[in-house]
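Novice: For reference, the chains in residue letters:
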Amino acid sequence: MASSTCLRRFSQLSLDRATQPAFAPRSLLAATQASCFSTSAARHANPTGKKGMGAAPKRGTKTLNVKKGRKDTVKDLSKKPSPGDRKAMRKRIVLSNNNALEVPGLKDLEKDNALDPSNEGKVMGLAENVVDALRAVEAFKPSQGWSLFRRPATLMRKETIQVAQLLKEAEEAPEGQAKKTLRRILTGQRMSGKSTLILQGLAMGVLRDWVVIHLPEGQDLVNAHTEYAPLPGSQPTQYTQDLYTANLLSQIIKANEKILASININTNPSLPFPLPANSNLKQLADLGIINPEASWPVFAALWKELTQPGRPPIMLGLDGLSHVMGESQYMSAEVKRIHAFDLTIVRHFIDHLSGKVALPNGGLVLAATTKSNSPTSPALDFSIQVAEARQNKASDLPQWNPYANVDQRAMEALKDIEVLKVGGMSKEEARSIMEYYAASGMLRAKVDEGFVTEKWSLAGMGNIGELERASVRLRV
Amino acid sequence: MVFVFGVNFPEQTLVKRALETFYGIGPKASQGIMARFHIFPWAKVGTLKNAQVLDLTAELSDMKIENDLRREVQENIRRLKDMGTYRGRRHAMGLPVRGQRTRNQITTARKLNRIERGGTGRVQM
Chain A
1 MASSTCLRRF SQLSLDRATQ PAFAPRSLLA ATQASCFSTS AARHANPTGK KGMGAAPKRG
61 TKTLNVKKGR KDTVKDLSKK PSPGDRKAMR KRIVLSNNNA LEVPGLKDLE KDNALDPSNE
121 GKVMGLAENV VDALRAVEAF KPSQGWSLFR RPATLMRKET IQVAQLLKEA EEAPEGQAKK
181 TLRRILTGQR MSGKSTLILQ GLAMGVLRDW VVIHLPEGQD LVNAHTEYAP LPGSQPTQYT
241 QDLYTANLLS QIIKANEKIL ASININTNPS LPFPLPANSN LKQLADLGII NPEASWPVFA
301 ALWKELTQPG RPPIMLGLDG LSHVMGESQY MSAEVKRIHA FDLTIVRHFI DHLSGKVALP
361 NGGLVLAATT KSNSPTSPAL DFSIQVAEAR QNKASDLPQW NPYANVDQRA MEALKDIEVL
421 KVGGMSKEEA RSIMEYYAAS GMLRAKVDEG FVTEKWSLAG MGNIGELERA SVRLRV
Chain B
1001 MVFVFGVNFP EQTLVKRALE TFYGIGPKAS QGIMARFHIF PWAKVGTLKN AQVLDLTAEL
1061 SDMKIENDLR REVQENIRRL KDMGTYRGRR HAMGLPVRGQ RTRNQITTAR KLNRIERGGT
1121 GRVQM
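As given, the protein sequences belong to chains A and B, one line each in that order. Okay, so the first sequence: first residue is 1 according to my numbering, each after it adds one. Okay, so the second sequence: first residue is 1001 according to my numbering, each after it adds one.
Just so you know, the hints here were simulated from the structure itself, not pulled from any lab data. Any given hint might turn out to be false.
[To be verified] Sample of chain A residues with no beta-carbon within 12 Å of chain B, all distances over it, derived: (1) Ala127; (2) Phe273; (3) Arg444.
[Claimed, not checked] If we take Cβ atoms under 7 Å as the criterion, some of the chain A residues that face chain B in the derived model are: (4) Ala224; (5) His225; (6) Glu227; (7) Tyr228; (8) Ala229; (9) Met331; (10) Ala333; (11) Val335.
[Claimed, not checked] Across the chosen pairs, the derived CB separations fall in these ranges: (12) B/Gly1006 - A/Asn278: 48 to 56 Å; (13) B/Ala1051 - A/Asn373: 35 to 43 Å; (14) B/Asn1050 - A/Leu95: 39 to 47 Å; (15) B/Gly1006 - A/Arg86: 48 to 56 Å; (16) B/Asp1068 - A/Ala277: 54 to 62 Å; (17) B/Gly1006 - A/Gly310: 38 to 46 Å; (18) A/Arg90 - B/Gly1094: 30 to 38 Å; (19) A/Glu412 - B/Ala1051: 34 to 42 Å; (20) B/Asn1050 - A/Lys304: 30 to 38 Å; (21) A/Asp351 - B/Ala1051: 30 to 38 Å.
Heads up, the beta-carbon is just placed ideally off N, CA and C, and yes, glycines get one too.
Only chain B is shown next, with the shape it has when bound in the complex (with noise of 0.2 Å):
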């Protein structure tokens, strides 16, 4: 297992994939973080340096990622509804935000659109 930002990945992880768990790395932030420290794009979690794993972890912290780019998130959604717009209505509601018809299709809106959007809590692999 290594340690990387608070958490513990198995070795055979692909370091791409790790990076990609925590909320607010996709796959274009996690190429740059890999591009800057020289890591392959296959390479796995076990394959890793002492110095890298220290690297990532030391980049990612920098990162506004997991629950602080939650809480902007969140901050923002929450903005809108204060003001009483009908985007924050429309989020409180969960229902699409952006003038989409909802006569059906709108499982993605009833996913996603609520006041406390990106969820608590970091998912698991």
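Just chain A, same shape as in the assembly (with noise of 0.2 Å):
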């Protein structure tokens, strides 16, 4: 026996002894026990007293969890707001502060002079119908700086004008033409005011008596937040949106009133439910709400009274008109996304839009692109580009490159569009809202050449989103 063993042995015959009473070994070595003088235990114990560093515990085993039911989580204790108000909150228009100052001489926009050149560069009020009607097309925006002033007024910019030549010109054809239906895309720079251009469209159609349809987001059609079905015998599959076009429905009647309720139905529509005899528009656009199902054909009989002779004109937009310009979030029965141009309303939109229909009793058709929240859609900035440079009298007008994928009927329906830019204001019409800012006491400076200029300057040569924000919301 090697002397350690030996050793070893000796030092454990204590052990053996207490631990083995009853029957005596056969052979010392043959058990093996533990040393006492084994350091194995303590250099396999975990060294950095990590936790976690082992496998995970056998299935029906119990752990000691301490971290549960620990009595010092504190609960919050605070109400939480119920469900829907938060968007509530979000989605909130306020149209008037009541700490802004009434502004002097404030001028409304009225039925004779909506229409005015000689408006360029003023301060024009919105009057209580107007806003009505705006506020039930949702042509108003939270992010919109309307919760600043008194009340809703509009700067008559140059292309403010220019929608109301374009409101002029289709009112009045000439002798013996039919009458104009008008398209413009808007485009611009982020804050430059292409929706709100499309409210003073929409303000300028409210107070002429147009009927004025809006779909105020192009992201709400195609984002799969509202129901679809297909809709019977068409083909290819179209899908209507029933909840949505009731909404529609409801948002054309309360904006248009007094419009749909004087004009009677003189057309025979087929509709799934019976009529009533000498009914108006109203009337068959609220059996359009009470039936949402029913509220895709009951909109298109609407739309076949509105488009009958000697009706009034009609004034249509769009805004985020990116969104709709590629495949919806929907999908189809064979699970592929189903094409935007392939939801009722939106192909509806978009034959206008590209001429394809035209409006018999004249109108205008406005769509705005957005630059804060918009899917990347090619072939709409390309058709922008071309449009772009037709309207310049370009000699070469950009190529499309034939490498890169397009969305080839967003491309067909936009091959002849025109643009309205949306661009800086002029020095002129930034001092006109300053002094409208400073009159309504939301702009505590004196509004001179040096200001305007400076103010102008930092708005990115009159960005007019930007010179709110350096003048109104700003305070050093």
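From these two lone chains plus the hints, build me the complex, please.
Specialist: As structure tokens, this is what we get:
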């Protein structure tokens, strides 16, 4: 026996006797026992003391979880907003500010002066009934600065006057010619006032007794947040959005109540429910709201009525155009994405925007692009470039890169569009709006040449959103 | 409460979520089913029309889901075990089947690799 073993055995003798008293071991070496000098346990112990290094406990093993049931976790006792409250807050539109001063000498836009080119550069107020109609069609946006002033008023910019000219052109057809349908896509930088320009166009439409129809957000149409259903008998399949259409009908009624109530039905629409005799268009639209499943046929019937001879011109608007220039989030029965143009409302709008369908009583189709929330749409961007080059009478139009992917349907629809570029304001316009800010008491400075020039340059050559930020919202 | 394929769901449950509670239906399958019946992705069970609920139930009863699927998976594992394959043995022992090391991190294997894979009953929401 080696001396070291001897020593270990010797040291264990007393332990052996204690543990195995009943039977004497045949061999001292047969049973291996823990050595009292052994350091292996200590060496194999987790030296860093890190937790969770070993394998997970076997199933069924009880583990000690100190975190669970800890007493000192503080419960959040604050009241949570009820469902829908947060969204309502986010979408809330405030159109007045009691702390702002009444602007003396602020004239309202009226039916007679709405399309007057001499308004250029003036700030004009919006009358109560116009504000109601615009609110009904959701033309006001929470991001716009309406809540800063006593009551809604807008600056009649150069572009606004251009839109006014379009309205005039659509209203007054030359003798013996059909009335014009004018179509424009509004483009421009972020916060340059594209949505506000649509709003101004809608306001002028309301004042001039047009039928005003507005799709407030392109995204809402395609992001698959509302019901959809295939339109029976359509080839290729079109999809209706019943609840959205019903809501649109109610907006149309609210915004155009007087006009719709004054027109009686003279076509004979085939609808899934009986129509009372001698009913007017308002009653027709009301039926569509009550039966959302029939809202699309009702909308189609309403449209047919509105395009009968002798009816008022129509103003059709859409904000956020690039959203509808591609595939929507809706799925067809074959689990393929539905193209936005296959949704009936979008189809309807695009037909009018592309000029495929004309408005027999004249009208204006306005579509605004957006720069803050828009998916890339190469077809739209390219079509705008081409249209701008065409309008500038450029000798060589931009060519599409044939190797790049493009949405062919969007390209086709935007083949001959016209754009209205919303640029920066002139200094005169900037001065006019800043004087309005100062008169409202929201800008406490002397509005003179130097001050206007400073703010105008700070706002990136008269970007109206930036100007508002720099002069009214920013408090130093 | 809406009754879909023998289970009651509260009205405010998303249809997608309700479908995915069934064993054998995941995101892809639920998307396919909903597209087939033109149900939009954010639809709640309460807003479905009666016909749509019946359609869903009919569609689900044609699919191999829940206990049928569990049985198939378990039979496959049992076959491996009965043949005496390595994979069968590893399943029986609750250890990784495909050559992973077992020094640590085999929680998933311990959780899943069993003969009675998929459990026996429906998991409540």
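Novice: Per the CB criterion, is A/His225 less than 7 Å away from chain B?
Specialist: 5 Å, holds
Novice: Honestly, do B/Gly1006 and A/Arg86 meet the 48 to 56 Å range at C-beta?
Specialist: 36 Å, violated
Novice: Under 7 Å is the threshold here; is the Cβ of A/Glu227 close enough to any Cβ of chain B for the hint to stand?
Specialist: 6 Å, holds
Novice: Can A/Tyr228 be said to touch chain B, with a Cβ gap under 7 Å?
Specialist: Holds. Min distance 6 Å.
Novice: Quick one, is the A/Ala229 hint okay against chain B at 7 Å, beta carbons?
Specialist: 5 Å, holds
Novice: Does the Cβ pair A/Asp351, B/Ala1051 satisfy 30 to 38 Å?
Specialist: Holds: the Cβ-Cβ distance is about 32 Å, inside 30 to 38 Å.
Novice: The hint says 30 to 38 Å between B/Asn1050 and A/Lys304; measuring C-beta to C-beta, is that right?
Specialist: 32 Å, holds
Novice: The hint says 54 to 62 Å between B/Asp1068 and A/Ala277; measuring C-beta to C-beta, is that right?
Specialist: 58 Å, holds
Novice: Just checking, A/Arg444 versus chain B, shortest CB gap more than 12 Å?
Specialist: 47 Å, holds
Novice: Check the following: the C-beta atoms of B/Asn1050 and A/Leu95 are separated by a distance inside 39 to 47 Å.
Specialist: Between B/Asn1050 and A/Leu95, where Cβ atoms are some 43 Å apart, the hint holds.
Novice: Holds or violated: is there a CB of chain B closer than 7 Å to the CB of A/Ala224?
Specialist: 5 Å, holds
Novice: Could you tell me whether the CB distance from A/Glu412 to B/Ala1051 stays inside 34 to 42 Å?
Specialist: Once the Cβ atoms are compared, 37 Å apart, the range 34 to 42 Å for B/Ala1051 and A/Glu412 holds.
Hints 15, 17, 18 from the earlier list are contradicted by this structure; the remaining hints agree with it.
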